[in-house]
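Asks: Those protein sequence lines, which keep their order, are chains A and B.
With this note's numbering as the guide, the letters of the first sequence map in order to residues 1 to 343.
With this note's numbering as the guide, the letters of the second sequence map in order to residues 1 to 343.
Keep in mind the hints are simulated off the structure, nothing from the lab.
Any given hint could turn out to be false.
[Stated by the list, open to error] Covered stretches of chain B, as calculated for chain A (at least 3 residues, CB under 8 Å):
| no. | stretch |
| --- | --- |
| 1 | 234-241 |
| 2 | 249-256 |
[Stated by the list, open to error] Partial pick of chain A residues on the chain B-facing surface, computed with a CB cut under 10 Å:
| no. | residue |
| --- | --- |
| 3 | E76 |
| 4 | V224 |
| 5 | R234 |
| 6 | F242 |
| 7 | K247 |
| 8 | R255 |
Bear in mind the structure is a predicted one, so any value in this text is a computation, not a measurement.
Here a beta-carbon is modelled for each residue, glycine too, at the ideal position from N, C-alpha and C.
There are 2 protein chains.
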Amino acid sequence: MIGSRLSALSGHGRHILFCLVAVGFLSSCAPTQPTAQQPKVNDLLPSWNEGVAKQVIIQFCDAAVDPASASYVSPEERIAVFDNDGTLWPEKPLNVELTFAIERLRRLAPAHPQWLEEQPFAAVLQNHAEYLSDLEESDLLKIFIAAETEITNEEFVRDVKRWLETARHPRFGGHYTDLAYQPMLELLAYLRSRAFQIYICSGSDMEFLRTFAPEVYGILPENVIGNSALMEFRPSSTHPMFFRLPKPIEPNNNRGGKPVNIKLRVGRIPIIAVGNSDGDIQMLQLVDGQNDEALILLLNHDDAQREYAYDEGAEEVLEAAKQSQWTIVSMKKDFKVVFPFSR
Amino acid sequence: MIGSRLSALSGHGRHILFCLVAVGFLSSCAPTQPTAQQPKVNDLLPSWNEGVAKQVIIQFCDAAVDPASASYVSPEERIAVFDNDGTLWPEKPLNVELTFAIERLRRLAPAHPQWLEEQPFAAVLQNHAEYLSDLEESDLLKIFIAAETEITNEEFVRDVKRWLETARHPRFGGHYTDLAYQPMLELLAYLRSRAFQIYICSGSDMEFLRTFAPEVYGILPENVIGNSALMEFRPSSTHPMFFRLPKPIEPNNNRGGKPVNIKLRVGRIPIIAVGNSDGDIQMLQLVDGQNDEALILLLNHDDAQREYAYDEGAEEVLEAAKQSQWTIVSMKKDFKVVFPFSR
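Use the sequences and the hints to build the structure in full.
Replies: And the structure:
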């Protein structure tokens with residue numbers, strides 16, 4: 001694998017890598033092992049602390065790409081699937097797409113005076129934080145349908161892009177797209193360097209995700225699995241378009257819907273699954289149950305100081321992880337840094 | 001592109017290619033052009049007769065892969081989409097998946113005595129050819145739901161595989177999977193050699209298509225877009241499975257549903273579309289309308305001797321092709337051979 005990465009580097013990169021390899025060779029002759037103070041040479045996961053999670057990731061991937069290993073997996077079967085909200089970026093204080101939808105509803109409100117007397121719209125317009133932080137599925141659906149349908153998909157995408165360029169996270173201050181977890185970005189790059197195909201499998205809208213997934217995660221539009229409004233194609237010789245209908249596609253990409261959409265979209269079962277909440281439990285069960293060997297990671301939000309600490313909405317999956325011996329990633333202990341800007 | 005293909009060849013292959021290039025260079029100095037009697041050196045589409053269709057394909061692809069061309073397209077945007085039935089393999093005398101579903105219904109019939117008095121099942125069981133050759137959408141749906149749902153997806157896939165191994169085409173005698181059109185197989189390989197991602201976009205069931213698409217077309221499961229039963233995930237620590245519910249996913253992957261599913265699945269608009277029937281018209285319109293330059297091919301079944309000659313079900317798309325100047329591929333004139341076994 002180092003060879004193939006080498007050949008992709010420019011002359012300058014090769015020089016640096018040559019030095020790193022040389023240093024690695026020298027240090028491997030020395031009697032001491034690398035410690036936290038002496039970062040490992042050629043460490044592709046530098047923002048992960050040494051520990052079980054990092055070790056499990058590296059051991060699993062080393063075996064999967066080694067043709068001599070009994071656990072070797074051919075490149076086309078190297079499929080990894082990641083949840084997005086709470087796994088690749090924060091989902092607190094509120095889910096990011098929901099934050100966008102709420103702000104869009106407020107902009108649309110003057111044309112819909114009836115919303116002031118109808119839930120969940122009244123809670124949105126009155127900024128009822130408690131109500132909004134614990135919405136029922138049916139309320140969420142009402143919000144997404146009111147905010148994100150009955151418009152062309154082109155208009156929707158334009159609006160999402162504009163919003164992402166200006167909106168800022170209420171606690172961390174940065175743009176949402178600057179808040180992807182640094183260790184997860186490294187994990188994505190690490191898997192890609194080992195020829196894994198990486199899919200997002202998220203409860204968020206696919207077109208919402210596609211506005212930033214290529215740039216932020218290096219994940220192409222065709223590798224985004226998520227929810228969506230059903231669309232209608234409106235042909236035209238100059239500018240055919242898609243119109244977002246007030247009806248979601250099925251199945252809802254949460255809980256049992258995630259494995260189904262993975263099956264429908266990919267047609268094969270991933271060997272790596274990464275999630276964080278009860279909505280991911282069946283996705284993790286799918287990958288665990290269908291493979292002799294699989295890498296299942298569950299990110300536990302236990303870091304109130306650098307991000308958030310919460311178990312709500314993850315009680316079941318944390319229990320399942322213990323019973324099924326999935327690898328629990330502790331944000332507090334396993335993440336050396338959380339966000340790219342804190343490097 | 002020759003350079004990049006060169007670097008992928010072994011020493012032996014390089015030697016042959018060097019000779020071919022040398023011969024090509026010499027022949028390009030000669031005053032005569034290659035004719036039908038003198039096949040072109042290095043022809044990657046040998047089963048296509050020289051003519052407008054072949055010329056349009058080569059010119060479009062040459063420009064798309066040439067960084068110096070104004071029509072250059074980056075590799076990740078090189079997306080091609082093919083209809084399956086009637087485009088990549090025959091759809092006469094009856095659609096292949098429908099033939100499978102009908103045979104399965106006959107096997108299931110003893111447990112469903114009421115089918116003898118209910119259409120379309122009575123027509124199926126009595127082999128009413130006229131009725132079956134002109135089924136309404138609603139009848140088709142009833143047949144697919146009765147034949148292909150209320151079973152696990154694993155059982156369905158096993159049954160499809162068994163059937164494809166034994167069933168034979170009533171006129172040509174071969175297995176259905178031996179009937180992929182040779183010129184289309186060459187076109188798929190040609191596009192792949194130019195780094196195109198190729199998707200099937202078919203009205204057939206995705207899991208049906210996935211049983212043979214990788215082997216026959218070289219198209220991976222994740223690149224198959226089609227219809228499906230909605231599924232339910234049934235977790236288990238040893239053998240989780242998918243159960244096929246008696247309800248189709250939306251939108252139906254025909255006519256206006258094809259562009260929508262391409263948008264939902266790929267997230268980007270292909271630059272090449274290949275189809276043959278009115279069910280493909282909106283897919284072709286999408287690719288035509290969303291690109292400054294696109295390659296739109298419509299296969300016209302006009303060869304009663306070697307395959308079939310029919311316009312029924314293609315009247316609208318043939319008219320649209322003329323109006324929009326899409327390239328009509330004549331099976332009779334453009335296909336040197338039709339099936340691989342006739343080479």
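Asks: It remains to establish, for every hint, whether it holds in the given structure.
Replies: A quick look at each hint next to the structure:
1. Counting residues of the stretch 234-241 of chain B whose beta carbon lies closer than 8 Å to any beta carbon of chain A gives 6, which reaches the threshold of three, so the coverage claim holds.
2. Remark: the stretch 249-256 of chain B is confirmed as covered by chain A, as 4 of its residues place a Cβ nearer than 8 Å to a Cβ of that chain, reaching the required three.
3. Because the beta carbon of E76(A) sits about 7 Å from the nearest beta carbon in chain B, less than 10 Å, this interface hint is met.
4. Annotation: interface hint on V224(A) holds; nearest CB of chain B at approximately 6 Å, less than 10 Å.
5. Hint on R234(A) holds. Least Cβ distance to chain B is approximately 9 Å, under the 10 Å limit.
6. The interface hint given for F242(A) holds, since its Cβ lies 6 Å from the closest Cβ of chain B, which is under the 10 Å cut-off.
7. The closest approach between the C-beta of K247(A) and any C-beta of chain B is roughly 8 Å, which is under the 10 Å cut-off, so the hint is satisfied.
8. With its C-beta approaching chain B no nearer than about 9 Å, R255(A) sits inside the 10 Å limit, and its interface hint holds.
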